[in-house]
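K.L.:
One-letter residues, chain by chain:
2 protein chains.
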Amino acid sequence: MDFGVVVIVGTGLIGGSIGLGLKKRGLATTIIGIGHRKSSINKALKIKAIDEGFLGVEAVVKQADIIILATSVSLIPDYAKKIIPLMKKSAILTDVGSTKDYIVSQVNSEIESTCGGEKPTFIGAHPIAGSEQRGIDFARSDLFEGSVCVLTPTILNSKKCITTLSNLWKALGAKISIMTPSKHDEILALVSHLPHFVASSLAGVIDEKYWKFAASGLRDTTRIASGDPELWLSIGTQNKHKLIEVLRCFSEEVERTINDLEQGNDKKLLGRLKKAKTVRDKKKWK
Amino acid sequence: MDFGVVVIVGTGLIGGSIGLGLKKRGLATTIIGIGHRKSSINKALKIKAIDEGFLGVEAVVKQADIIILATSVSLIPDYAKKIIPLMKKSAILTDVGSTKDYIVSQVNSEIESTCGGEKPTFIGAHPIAGSEQRGIDFARSDLFEGSVCVLTPTILNSKKCITTLSNLWKALGAKISIMTPSKHDEILALVSHLPHFVASSLAGVIDEKYWKFAASGLRDTTRIASGDPELWLSIGTQNKHKLIEVLRCFSEEVERTINDLEQGNDKKLLGRLKKAKTVRDKKKWK
Chain A
1 MDFGVVVIVG TGLIGGSIGL GLKKRGLATT IIGIGHRKSS INKALKIKAI
51 DEGFLGVEAV VKQADIIILA TSVSLIPDYA KKIIPLMKKS AILTDVGSTK
101 DYIVSQVNSE IESTCGGEKP TFIGAHPIAG SEQRGIDFAR SDLFEGSVCV
151 LTPTILNSKK CITTLSNLWK ALGAKISIMT PSKHDEILAL VSHLPHFVAS
201 SLAGVIDEKY WKFAASGLRD TTRIASGDPE LWLSIGTQNK HKLIEVLRCF
251 SEEVERTIND LEQGNDKKLL GRLKKAKTVR DKKKWK
Chain B
1 MDFGVVVIVG TGLIGGSIGL GLKKRGLATT IIGIGHRKSS INKALKIKAI
51 DEGFLGVEAV VKQADIIILA TSVSLIPDYA KKIIPLMKKS AILTDVGSTK
101 DYIVSQVNSE IESTCGGEKP TFIGAHPIAG SEQRGIDFAR SDLFEGSVCV
151 LTPTILNSKK CITTLSNLWK ALGAKISIMT PSKHDEILAL VSHLPHFVAS
201 SLAGVIDEKY WKFAASGLRD TTRIASGDPE LWLSIGTQNK HKLIEVLRCF
251 SEEVERTIND LEQGNDKKLL GRLKKAKTVR DKKKWK
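One line per chain: the protein sequences are A and B, in this order.
Residue numbers for the first sequence follow our numbering, so the first one is 1 and each next one is one higher.
Residue numbers for the second sequence follow our numbering, so the first one is 1 and each next one is one higher.
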């Protein structure tokens, strides 16, 4: 397999790991990295995650067969806007953002409103390969191995392009899951965005002077609260409606716990603790 | 230092680690372990966490200089009831339970109602040295090194006994923090019991079929939800009033997040995410 000229916009943990993974497996003719800091481009070049690196995307878009937007979710629509008029009609534009409905509709609207005739392709993607670390320093060629990559194509996409993108992620070791952008956001609201805002709320109510009494329980439940606030604000607001829904559902569960404690309903409390343990213990964590 | 004959009731992770720590440092004449399963006593003997092991506590109490109740919190008051009439007047009875107000008042009531003349000593203690693992297999002589051990003496305790117990925990590597049982429960409600019930509520609202899309964020925020449901029911109900209070406080924080998302108040959302990150990042985790 050769995916041709691959442009990766954003040479951080995810972008860098895509580059390393493609290079290691010989899957691209050329990998071009786009960053907004010279230092991260240089690091990406040094570890051979990319073959060439630039600060601006415009000059290189024309050559690209696949363009992967691996920036913070807040920057994806703007980058897409710049790229769409310049890309080859046969090329595929894709992303790795943690939200899909907002991004896919923004980018597809842009395509609809600015492109006549044969339209360029955008397919939303989200490799679910988390790490608490960020930046090119933590990039690894095997980051996606055994992980799930969600693709959220729409009726605008050809079967051929969907297959190409699936093959790329499969080649990087991911299992493909195809669903609508809206279904993706519903699931990720539960398994990723909710935990983040819960962890942050938890850390937020604990007075600074009491943290010295905390052990590994609080350390782990709040770990993700140390994530980048701006990034998580963007994710939360882009997936606002679904996040509100799951926060309400969670809040009702907390209320039930409070009520059962007040009423001394040990049987219900125990049932809830057991149910949570059972569902969590079933998952095989990496 | 020699703490004489030390009886450890409960040869699990904490009891076993106390035994190993005392033995390694030569701090006791004899360490006697009490378990309710022959197998865990045998394991404790095998790894030399104890010198002698028995199934019942009654026969050995008379010889003890220090008796440490290292069982599940739900069993501590009943064990104390059995031990109090049999222990030497000069001996110290203590525990390692995660709640203090309920235990200290139960045990002291027992002492008040059953003992005339010189009364035996009970001092509540809580070494905050968590591990997701349980049982003697995970016991380590250095488990308490660098950790905090809270002591919750009352006016019934002599300065001499408080000093002896402090010295024991210092010798095991812990830093001592002395406070009232009620203050202990207020702090632990926040830094330990709240995270547990939050993690459990979070795991409880996520449908089984969606866990395959979860990454390390959900893994860590819900890790403690895999803890023993019966143990956590006991902790939650013993510290019920303070737990309800902090759950309410947390629930209000979640409500504020929902409101800010609904109203598009990005500034407040960002402020809250930043505050949570700042307070968490200040703590140096082990």
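To be clear, the hints were calculated from the coordinates, so they are not data collected in a lab.
Take these hints with a grain of salt, some might be off.
Copies of one chain are not kept apart here, so a pair can be met inside one copy or by any two copies together.
[To be verified] Here are the simulated DSS-like pairs of lysine-lysine, each with C-alpha atoms no more than 27 Å apart in a straight line:
| hint | residue 1 | residue 2 |
| --- | --- | --- |
| 1 | K81 | K209 |
| 2 | K48 | K183 |
| 3 | K170 | K284 |
| 4 | K286 | K209 |
| 5 | K267 | K159 |
| 6 | K48 | K159 |
| 7 | K119 | K275 |
| 8 | K209 | K170 |
| 9 | K209 | K38 |
| 10 | K267 | K209 |
| 11 | K209 | K282 |
| 12 | K38 | K62 |
| 13 | K286 | K159 |
| 14 | K82 | K175 |
| 15 | K275 | K38 |
| 16 | K82 | K284 |
| 17 | K170 | K46 |
| 18 | K274 | K240 |
| 19 | K183 | K209 |
| 20 | K23 | K284 |
| 21 | K170 | K212 |
Remember, predicted model here, so these are calculated numbers, not experimental data.
K.L.:
How would you label the pair K81, K209 (within, between, both, or neither) given a Cα cut-off of 27 Å?
P.N.:
neither (48 Å within a copy, 36 Å between copies)
K.L.:
Can you tell me if K274 and K240 fall within 27 Å by alpha carbon in one copy, between copies, both or neither?
P.N.:
between (31 Å within a copy, 19 Å between copies)
K.L.:
Measure nothing new, just compare the shortest in-copy and cross-copy C-alpha distances for K286 and K159 to 27 Å and report within, between, both or neither.
P.N.:
neither (32 Å within a copy, 51 Å between copies)
K.L.:
When Cα atoms must be at most 27 Å apart, do K82 and K175 count as within-copy, between-copy, both, or neither?
P.N.:
neither (31 Å within a copy, 58 Å between copies)
K.L.:
Given a CA cutoff of 27 Å, do K23 and K284 count as a within-copy pair, a between-copy pair, both, or neither?
P.N.:
neither (30 Å within a copy, 38 Å between copies)
K.L.:
Go through the copies and call it for K48 and K183: within, between, both or neither, with a Cα cutoff of 27 Å.
P.N.:
For K48 and K183, the Cα distance exceeds 27 Å both inside one copy (36 Å) and across copies (56 Å).
K.L.:
Have a look at K170 and K284 and pick one of within, between, both or neither, based on CA distance no larger than 27 Å.
P.N.:
within (21 Å within a copy, 39 Å between copies)
K.L.:
Pop the pair K209 and K38 into one bin, within, between, both or neither, using alpha-carbon distances up to 27 Å.
P.N.:
Neither, since 41 Å and 43 Å both go past 27 Å.
K.L.:
As a check of your reading, is K275 near K38 (CA-CA no more than 27 Å) within one copy, between copies, both or neither?
P.N.:
neither (50 Å within a copy, 31 Å between copies)
K.L.:
Checking K183 and K209: alpha-carbon separation at most 27 Å within a copy, between copies, both or neither?
P.N.:
between (42 Å within a copy, 13 Å between copies)
K.L.:
When no copy is named, should K209 and K170 be tagged within, between, both, or neither for a Cα gap of at most 27 Å?
P.N.:
between (48 Å within a copy, 22 Å between copies)
K.L.:
Indicate which option fits the pair K119, K275 if close means a Cα-Cα distance not exceeding 27 Å: within, between, both or neither.
P.N.:
neither (49 Å within a copy, 45 Å between copies)
In the structure shown, a violation is registered for the earlier hints numbered 1, 2, 5, 6, 7, 9, 13, 14, 15, 16, 20, in ascending order.
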